[in-house]
Amino acid sequence: MIRPEEIKMSADESGKWGMVIDQDICTGCQACVAACAMENNISFVGEKDSGYGRSMHWIRIERFWEGEYPEVKMTPNQPMLCQQCGSATCEPVCPAFATVHSQAEQLNLQVYNRCVGTRYCANNCPYQVRSFNWRDYERPEPLSNQLNPDVTVRRRGVMEKCTFCIQRIHKAQDKAKSEGREVLDGEFTTACAQACPANAITFGRVDDPESLVSQLAKKRGHGIKHLEELGTLPNVTYFKGG
Amino acid sequence: MADNISGNENSGSVSLLAVFPDLGPAADAIEKLRDLGLSDDQMNVISGIPATEAMLGRPNQWTNVPRLAAGGAVLGFFGGAFLTFVSPFLYPVPIQVGTQGIVPGPPTVVVLFELTMLGMLLSTFLGVFLDSYFPNYRPMEYVKEISDGKIAVFFICPGENCEKFTKAMTALGAEKVEAAEVFHL
Amino acid sequence: MADHKNHAGHAEEHFREKHLMLDPLPRGQMNDMVMESMHTTSWKFWVVFAILSAIVGYGLFYSWGTMIAEGLGIAGVNRPSYWGIFLVNTVFWIGISHAGTFISAILRVFKAEFRRPFTRAAELMTTFGLVQAGFSVFMHMGRVWLAYWLMPYANQRMLWPNLHSPLTWDLLAITTYLLSSTMYLFLPLIPDLAMARDRSTGWRKTFYKTLALGFRGTEGEWAHLRNAMNIFAFAIIPVMFSVHTIVSWDFAAATRPGWNSSIFGPYFVVGALHSGMGAVIMVLAVVRATMKHMKYFIRPEHFDAIAKLMLIISMAWAYFFFNDYMVQWYGGDKWTHQLLHFHEAGPLGWMWFAMLIFNIAIPWAVLWNQKWRSTPWIVFIVGFFINIGMWFERYIIVPISLSINRMPFTWRMYEPGVEIPLGIGTLAFFILLYMGASKLIPLIPVWEVEEGQMAHELKKFGRETVVSVSELE
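Protein chains in written order, with our numbering: chain R, -6 to 235; chain F, 3 to 187; chain B, 28 to 500.
Careful, some of the hints might be misleading.
[Claimed, not checked] Once the Cα atoms are required to be at most 25 Å apart in a straight line, the calculated DMTMM-like pairs of lysine to aspartate or glutamate come out as:
id: 1; chain 1: B; residue 1: Lys138; chain 2: F; residue 2: Glu33
id: 2; chain 1: R; residue 1: Lys170; chain 2: R; residue 2: Glu221
id: 3; chain 1: B; residue 1: Lys361; chain 2: R; residue 2: Glu203
id: 4; chain 1: B; residue 1: Lys361; chain 2: R; residue 2: Asp143
id: 5; chain 1: R; residue 1: Lys66; chain 2: R; residue 2: Glu55
id: 6; chain 1: R; residue 1: Lys41; chain 2: B; residue 2: Glu44
id: 7; chain 1: F; residue 1: Lys146; chain 2: B; residue 2: Glu475
id: 8; chain 1: B; residue 1: Lys322; chain 2: F; residue 2: Asp150
id: 9; chain 1: B; residue 1: Lys236; chain 2: F; residue 2: Glu33
id: 10; chain 1: F; residue 1: Lys178; chain 2: B; residue 2: Glu40
id: 11; chain 1: R; residue 1: Lys218; chain 2: B; residue 2: Glu40
id: 12; chain 1: F; residue 1: Lys146; chain 2: B; residue 2: Asp59
id: 13; chain 1: F; residue 1: Lys178; chain 2: F; residue 2: Glu33
id: 14; chain 1: F; residue 1: Lys146; chain 2: F; residue 2: Asp37
id: 15; chain 1: B; residue 1: Lys361; chain 2: R; residue 2: Glu59
id: 16; chain 1: R; residue 1: Lys168; chain 2: R; residue 2: Asp143
id: 17; chain 1: B; residue 1: Lys322; chain 2: B; residue 2: Glu44
id: 18; chain 1: B; residue 1: Lys486; chain 2: F; residue 2: Glu147
id: 19; chain 1: B; residue 1: Lys466; chain 2: F; residue 2: Glu147
id: 20; chain 1: F; residue 1: Lys178; chain 2: B; residue 2: Glu44
id: 21; chain 1: B; residue 1: Lys319; chain 2: F; residue 2: Asp150
id: 22; chain 1: B; residue 1: Lys71; chain 2: R; residue 2: Glu222
id: 23; chain 1: B; residue 1: Lys466; chain 2: F; residue 2: Asp150
id: 24; chain 1: B; residue 1: Lys319; chain 2: B; residue 2: Glu40
id: 25; chain 1: B; residue 1: Lys361; chain 2: R; residue 2: Asp200
id: 26; chain 1: F; residue 1: Lys146; chain 2: B; residue 2: Glu63
id: 27; chain 1: B; residue 1: Lys319; chain 2: R; residue 2: Glu203
id: 28; chain 1: F; residue 1: Lys146; chain 2: B; residue 2: Glu478
id: 29; chain 1: F; residue 1: Lys178; chain 2: F; residue 2: Asp150
id: 30; chain 1: B; residue 1: Lys232; chain 2: F; residue 2: Glu55
id: 31; chain 1: R; residue 1: Lys41; chain 2: B; residue 2: Glu97
id: 32; chain 1: B; residue 1: Lys236; chain 2: F; residue 2: Asp150
id: 33; chain 1: B; residue 1: Lys232; chain 2: F; residue 2: Glu33
id: 34; chain 1: B; residue 1: Lys319; chain 2: F; residue 2: Glu147
[As the list claims (entries may be wrong)] To be clear about the criterion: a stretch of chain F counts as covered by chain B if any three or more of its residues have a C-beta under 8 Å from a C-beta of chain B, and this derived list gives those stretches:
id: 35; region: 29 to 35
id: 36; region: 40 to 52
id: 37; region: 82 to 95
id: 38; region: 167 to 180
Treat the hints as calculated values from the structure; they're not laboratory data. Here a beta-carbon is modelled for each residue, glycine too, at the ideal position from N, C-alpha and C.
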């Protein structure tokens, strides 16, 4: 197994993006889910398919009952999205190299064009955050005007997942480059973080100690990373009970 | 090689086919033919079961199949080596998956094994085709009784005195001795 | 050979009745019997053939076409059961295919004489089973029209498959296995095709003539063939083991509770042989009952021999199953415990218990008795149950185990959709191919039977008469 300190970035790597989610202030309003679907052209699968475990949201709010009736309590809301693992289990199992590690952004990429739909990556994702295009879902007429031109529209038979809004990362990088500067912290953020009314989601450079995510992580302390014991090196940190 | 002899190319000689009911008489016949002055590459045995050289008292058959198999295995191994050691670097930027190396470690063994075996078995199969001149639909000397379990000794009698060969074969129990008919198989 | 026909002692008579190898017929007569078995076709054959064709047409081609056009939504796969019955059937068919190689390669290498009349019948199962495995795995792909992307081929953009993925190893291994088992089916068939060529007319003549490649049976041809078959018999054994081991790695290499087990390789290989032997015995029982003259070639002794192997394999399967279960239970983390509980006490717990009854209890209860295991219809039923049990085993490993993962929020049951007609379609297609082949190629390797009959004789030790075999090769 590879330990975190063994993952080093080479000099030409431009950054390591990460996310901090504060479960204590998450209200479970699902604004992030809606914003993500708008931003990333996610299909609406309808009630029936959604009820059968085929919802395609790249981020979902998980909540559980804890304890036995009548002594039940609700766990805090837990937004679950692709953890952009440093050592992703989904990557090596794809026979077509359709999901690969990006050295530049330290993200876990999904190449829709290359995907042939073996769905092995989804099986092997311990977070179960990958969604598959089970059908060509309809997008009734006015809705097609809402499509984000920066994001590919996926067809049936293709796997997809949260990209940390890589189109926004690239847009910000391009802008910064044309203005001859570095990307500023907070200059842009992902759709889910942008939409969160409680500011429970913060996105930024985890390799920059001055960034808001790093500051928050320091301030809150005791952040947990889900299923860290599997050695997946997730890039999303959760806080709860602080 | 012995299985390619043909009487027709040799204008002065006649090719004969002596059909025997069993292995023993066929082996005796071969012995007799040798005594009558035929060399081993002037005769051949056509049978419906795999009679070994030892049973018939014949020199060992040369076969390229094992050598071709070994060659194919080497080719397959290099094919596998190309896939594992070269193909990842043909990408403009070598692709990293998980935290595994560009050349996978243990999986290399799997790929090398499968392609070695594939190369070996394909070339073994092709080896049978090459060595036996398959497919070959030209007319050949044959009698249909062979697939009924008869053993046919096929030989070329030089010159005119085929009589003595025929007599010798009949004496050893040949069911029939006749000029090898050329069949469209 | 002809010797012991003369003094028809009681013991000899008994042995002849029992053993095909001691009951020789002239080669020509055996040829005629095999040819007649191919030519004799009753109207029932065509009725079954037509029904199966209809099932294949609807279940396989129409349903698959619809699924390609509409997407996998019409199947039952979902999150978290991304794989479903497609992979169950893939593993199942690859398992069926293993018996053919086991019989025709391992038994050939170890010179088990009882194999002789049914090596081809078993090898045919390998090839046709692999065809169904191929269908099943291609069906499961989201974009099957791009399946060629998984093949390593030179292309302008220099895109190569990912050799880190167990699925890529699988593709290489199954391709190797399909090609080599087809070649291994074909090589010993050449002399029999030549035999059929010599005794056919019309379109069959053209068919056999083309396939027999001009084989006459010269010393050279036999030597090359013998050499090649020898190489195949040895080399195909590790290939067979590797194929099902790699299939097991599709599961074992994954980071999932219940799957990530180091014993899955041999466990899967034994499981494959378990269902494969069950299928062989079913096929032989049907062939013996329905095809002309097959009662001469396939006798109770053969069912007895295969059933003994089935019993041993059933014990080996039980051993590996328990080994896997024990270690998962003992050292398993909370997710594994959850999964084991779900297997036994979940909504499909009956399947888990049925698996154990069908795979262990039934074979153990029946096959110990020589009389029972020599009776075709009894072993047919046992083979049938074993195959159901082994299908359940794969169902438990694939969709049921996929229902439980480390994210309880996504737990959900799997309900098959179009997988059912597709699965039935592969089964019908397998039977259809087999029926077609039984009318087109000699199902009995006559030359191998004759060779065996030459090698067998009765020998007297004191007052006892025993069977003795000479090594001809």
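Each hint tested on the structure:
1. B/Lys138 x F/Glu33: 31 Å, violated
2. R/Lys170 x R/Glu221: 35 Å, violated
3. B/Lys361 x R/Glu203: 39 Å, violated
4. B/Lys361 x R/Asp143: Since the Cα atoms of B/Lys361 and R/Asp143 sit roughly 43 Å apart, the hinted pair is violated (cutoff 25 Å).
5. R/Lys66 x R/Glu55: This hinted pair holds, its Cα atoms lying about 14 Å apart.
6. R/Lys41 x B/Glu44: 65 Å, violated
7. F/Lys146 x B/Glu475: 19 Å, holds
8. B/Lys322 x F/Asp150: 21 Å, holds
9. B/Lys236 x F/Glu33: 34 Å, violated
10. F/Lys178 x B/Glu40: 34 Å, violated
11. R/Lys218 x B/Glu40: 78 Å, violated
12. F/Lys146 x B/Asp59: 13 Å, holds
13. F/Lys178 x F/Glu33: 18 Å, holds
14. F/Lys146 x F/Asp37: Since the Cα atoms of F/Lys146 and F/Asp37 sit roughly 28 Å apart, the hinted pair is violated (cutoff 25 Å).
15. B/Lys361 x R/Glu59: 16 Å, holds
16. R/Lys168 x R/Asp143: It holds: about 15 Å lies between the C-alpha atoms, which stays within 25 Å.
17. B/Lys322 x B/Glu44: Between B/Lys322 and B/Glu44 the Cα gap is close to 11 Å, so the pair holds against 25 Å.
18. B/Lys486 x F/Glu147: 31 Å, violated
19. B/Lys466 x F/Glu147: 23 Å, holds
20. F/Lys178 x B/Glu44: 34 Å, violated
21. B/Lys319 x F/Asp150: 20 Å, holds
22. B/Lys71 x R/Glu222: Violated: B/Lys71 and R/Glu222 sit about 62 Å apart, past 25 Å.
23. B/Lys466 x F/Asp150: At roughly 21 Å apart (the allowed maximum being 25 Å), F/Asp150 and B/Lys466 satisfy the hint.
24. B/Lys319 x B/Glu40: Judged against 25 Å, a Cα distance of about 24 Å means the pair holds.
25. B/Lys361 x R/Asp200: 34 Å, violated
26. F/Lys146 x B/Glu63: 18 Å, holds
27. B/Lys319 x R/Glu203: 86 Å, violated
28. F/Lys146 x B/Glu478: 19 Å, holds
29. F/Lys178 x F/Asp150: 15 Å, holds
30. B/Lys232 x F/Glu55: Not OK: B/Lys232 and F/Glu55 at ~31 Å, beyond 25 Å, violated.
31. R/Lys41 x B/Glu97: 16 Å, holds
32. B/Lys236 x F/Asp150: The hint holds at about 17 Å.
33. B/Lys232 x F/Glu33: 37 Å, violated
34. B/Lys319 x F/Glu147: Roughly 23 Å separates the two Cα atoms, so the pair holds.
35. 29 to 35: It is violated, with 0 qualifying residues against the three required.
36. 40 to 52: Result for this restraint: holds, n = 7.
37. 82 to 95: holds (count 7)
38. 167 to 180: violated (count 0)
Hint violations for this structure: numbers 1, 2, 3, 4, 6, 9, 10, 11, 14, 18, 20, 22, 25, 27, 30, 33, 35, 38, all remaining hints satisfied.
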